[in-house]
Amino acid sequence: MQPSPEQSPHHAYPDHWEADVVLRDGGTARIRPITTDDADRLVSFYEQVSDESKYYRFFAPYPRLSAKDVHRFTHHDYVDRVGLAVTVGGEFIATVRYDRINEQGRPASAPADEAEVAFLVQDAHQGRGVASALLEHIAAVARERGIRRFAAEVLPANNKMIKVFRDAGYTQQRSFEDGSVHLTLDLEPTAESLAVQRAREHRAEARSVQRLLAPGSVAVIGAGRTPGGVGRTVLRNLLSAGFTGRTYAVNSAFAADQATIDGVPAHRSLGEIGEPVDLAVVAVPADRVPEAVADCGEHGVQGLVVLSAGYAEWGAEGRERQRELVRQARSYGMRIIGPNAFGIINNSEAVRLNASLAPERPASGRIGLFTQSGAIGIALLSGLYRRGAGLSTFISAGNRADISGNDFLQYWYEDPDTDVALLYLESLGNPRKFTRLARRIAAVKPVVVVKGARHSGSTPPGHAVPVSRIPDATVSALMRQAGVIRVDTVTEMVDAGLLLADQPLPAGGRVAILGNSESLGLLTYDACLAEGLRPRPPVDLTTAATPQDFRDALAEALADDGCDAVVVTAIPWVGENGEAESGDGEVLATALHAAAAAGPAKPVTVVHVEIGGLAEALAAATSTVAQQRPGQASPGRPAAAPPGPRPVGAAADPAPGAADPGAPAPESPAPRAVGRIPAYPAAERAVRALAEAVRYAQWRRQAAVPGKVPEFLDDTIDEPAAAALIDTLLGPDPDPRGRPLEHDEARELLACYGITVRPTLPAPGPDQAVAAAARLGYPVALKTTAPHLRHRADLGGVRLDLDGESALRRAYGELTDLLGKPAELRPVVQSMAPRGVDTVVRAAIDPAAGAVLSFGLAGAPSELLGDTAHRLVPATDRDAAELIRSIRAAPVLFGWRGSAPVDTAALEELLLRVSRLVDDHPEVVSIALEPVVVATHGLTVLGASVRLSPPPARTDLGPRRLSNY
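Heads up: the sequence shown begins at 182 in this note's numbering, then just goes up one per residue.
Just to be clear, a hint being listed does not mean it is correct.
When the alpha-carbon atoms are kept at most 30 Å apart in a straight line, the in silico DSS-like pairs for lysine-lysine are as follows [as the list claims (entries may be wrong)]: (1) K632 <-> K614; (2) K235 <-> K341; (3) K249 <-> K235.
Just the calculated beta-carbon pair ranges, DEER-fashion [unchecked claim]: (4) E929 <-> Q949: 14 to 24 Å; (5) E199 <-> N340: 25 to 35 Å; (6) E929 <-> P1131: 18 to 28 Å; (7) T441 <-> S563: 54 to 64 Å; (8) E369 <-> G713: 39 to 49 Å; (9) G1079 <-> V790: 20 to 30 Å; (10) H363 <-> D304: 19 to 29 Å; (11) G360 <-> R469: 52 to 62 Å.
To be clear, the hints were calculated from the coordinates, so they are not data collected in a lab.
Using N, Cα and C, we set each Cβ at its ideal position, and we do this for glycine too.
Please model the entire structure based on the sequences and the hints provided.
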């Protein structure tokens, strides 16, 4: 909202302070600066505030605002005096204001860095987390304007406001003066304040999804008068699924006397319903959607599923229509799935919601599925149905203009009905947030992702996302760092999801293989080796094996402590007449289920060829076995719970001594509950899914004890000196494009973080080269620094081990004769480093993914073969160790072919220092250390390039806000 011309001309209206936020109850509201045009809104808002709340605000009865008050509260300079309002439907529901003060508490201007702050929240909206959201935003505004502390006077009886300040996580002081509580808050973000902010974000966004997935009533807007059409199809699917709430059909074209349609109350508008509607499914042409959204907003609808097409997927005009749709819905406090969505499904027996175009509600299960594509959603639903898998929830978000996969990760984290999250994503609107959320949920539940549109420039129409400069391989590495199981195809996603949903996580990569086909066993063995597993020699039961033989062999394999998982291979039996028999798959499935139920909790998969009924029978979870033994693994969880916080909803450990010490021990283990055993038509698919489970289980065990940044780094890092140097190098008016540092500038900055770069001296002529060598000491290296020859020893631009003046002069002449004049080559002289392995360390800030730390061997391995590893910044000691060991050429560093291992500890320390530098100073947008020669003892950085730029915006560290469109 732009101010009128009467607004102070000295400071432009700060439109970047406008933000949409999700409140505690899942509804949305808008936060924006107050302007001179808000006088009537302010008066109306104040009239709806109770006398008690007015008393808490002004410390005295204050029934109405005077004209002077209204002028004061609507006229701000946006620097020393700032007011923000929270609006829903265009009307104020809360306000906050700060006034800069000096040490005596009088009005002041900069450099005074303290401000007095006061809030007022309409009584009807108290308890929704409005004040907490306002505090985050007004604090961010204050920091931007150079204010470091807030002071507040609160009456002792105003417990709600005191709690808002107390729970914010900021460093604060409290005292009791003149009958009121005096609070002082240090506005510098702390680890606690950031944790509080993210916890509130999680609760609010999870609640906003829950309101959509578990409505008490649904209205289908655009349900046709005749069978067919999108709206009528959704209405039919709602009824077929047995939705437990109330259902309404809405269409302005209904006849006035039409009371029902398909047995559902029919209305021409929401206003005719006369009861609250929680969810509206909008299935009208795009040009009629604004009217439908306004009708929903005015009648208190909580959320929308917009199936209508004709938005950003249709070009510039559609993109603007989509932006307006989001703005309109949020102005009423509603969230949107879509537009161009396929719909949503919730299989909970308490809801039974199928507000989608899927004709069949899939079976209930433990998998949550999110997709940005309707077509892919249909394929996934069909594939899961054929494999006998069940879903807890399904969401096809279309253009995902508002609610995205991040919101559903928030919801699934605590959803007791979901054990595995599957996501088909074509874009990442907030990659940093996705990585953060995925890491948290992956610590308790597997997250499997297929990323479509992987190549640059192929972002689907309708998805507003930041442009990433990093290749897809880097995106995959960063996902795996966060514990995400990244697969290439939707088939692989279903394969992995089936295993993770119904089988326990493996304790390691030792795989037993058994079956009635030697050839199929060998194929499985080879597939295990290809995936990095450790298979045992296949056990051939021969083609004469009976289901009982399979049961006995599986039981023996599961009981073996040297086995972590079992792959069963099966082909049709050969009858006495020599003809193949398909056999009774149900009999074999029963045998395998029985063996799995009686044995230790280890994952079992089946590879089968043309055995009728086997896959279907295996997909049926057993229901007659006794409940699971304490301490055994549940599907998708390790056998032993890792240390650390217990997942939400997990049962408490039994109290010590709770069991009867005199009770006799059971003679044999009770059978445990066994889920579906996943079956695959090819060995490669089964083993690939198992390998993903092994890698995920290993990540989860490691994540239970998180890495850390070694304390010794603090003693050798001078962060203030680096900050001062960066300010000097950028200058008072930095170029937004940034600037590369000269060699000596880069050396000075890196030295602040304990990174020593071996000096180089210019050699514009042979005499200067000899003088430089005398200064540095022989032996020396002579190198060109021209951009087209840098780090290209293969082109003859580097001469090493020059041990004297004659050798140096000869090399200088050869260099210039071969490659060009000295002015073109820019030769330099550098003292020789100890022999070792040449590596390269890089860090860069990607606009989509954030700061990324990279490592590889210098030259062909990283440049030609792409053998480079990546981790997000800030990196821990574990990240640094994994970074070095995760490249394919890592054996070169650890004594390959009898060579001496290099000092990887020194290399890990260097990686941590680079990570710390980039994390502490976002102005450092790229660093390249090349080459870094790692010897048996120590390392040497021979070259360094650094680029500085004004720091990019960090949306992940600011106050909570929804994406802008």
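Evaluate the given range 18 to 28 Å for the C-beta pair formed by E929 and P1131. Holds - the Cβ-Cβ distance for E929 and P1131, about 20 Å, lies within 18 to 28 Å.
Outcome of range test on Cβ distance (G1079, V790; 20 to 30 Å): violated (46 Å)
Given a hinted range of 14 to 24 Å, is it respected by the beta-carbon distance of E929 and Q949? Roughly 23 Å apart at Cβ, these two residues keep to the hinted range, so it holds.
Hinted pair, alpha-carbon criterion (30 Å max): K632, K614. Please report holds or violated. holds (16 Å)
Is it true that the C-beta distance of E369 to G713 lies inside 39 to 49 Å, as the hint says? holds (46 Å)
If you check the beta carbons of E199 and N340, does the distance land in 25 to 35 Å? Taking Cβ atoms as reference, E199 and N340 lie about 31 Å apart, which means the hint holds.
Measure nothing beyond the straight line between the CA atoms of K235 and K341; if it is 30 Å or shorter, mark the hint as holding. Distance of about 14 Å is within 30 Å: holds.
Regarding H363 and D304, is the given constraint of 19 to 29 Å on their beta-carbon distance met? Holds: the Cβ-Cβ distance is about 25 Å, inside 19 to 29 Å.
Looking only at beta-carbon atoms, does the pair G360, R469 fall within the given range of 52 to 62 Å? 58 Å Cβ-Cβ, so the 52 to 62 Å window holds.
With a cut-off of 30 Å on the C-alpha distance, tell me whether K249 and K235 pass. holds (17 Å)
S563 and T441 - C-beta distance against the hinted 54 to 64 Å: violated (33 Å)
In terms of the numbered hints stated before, the structure departs from hints 7, 9, listed from lowest to highest.
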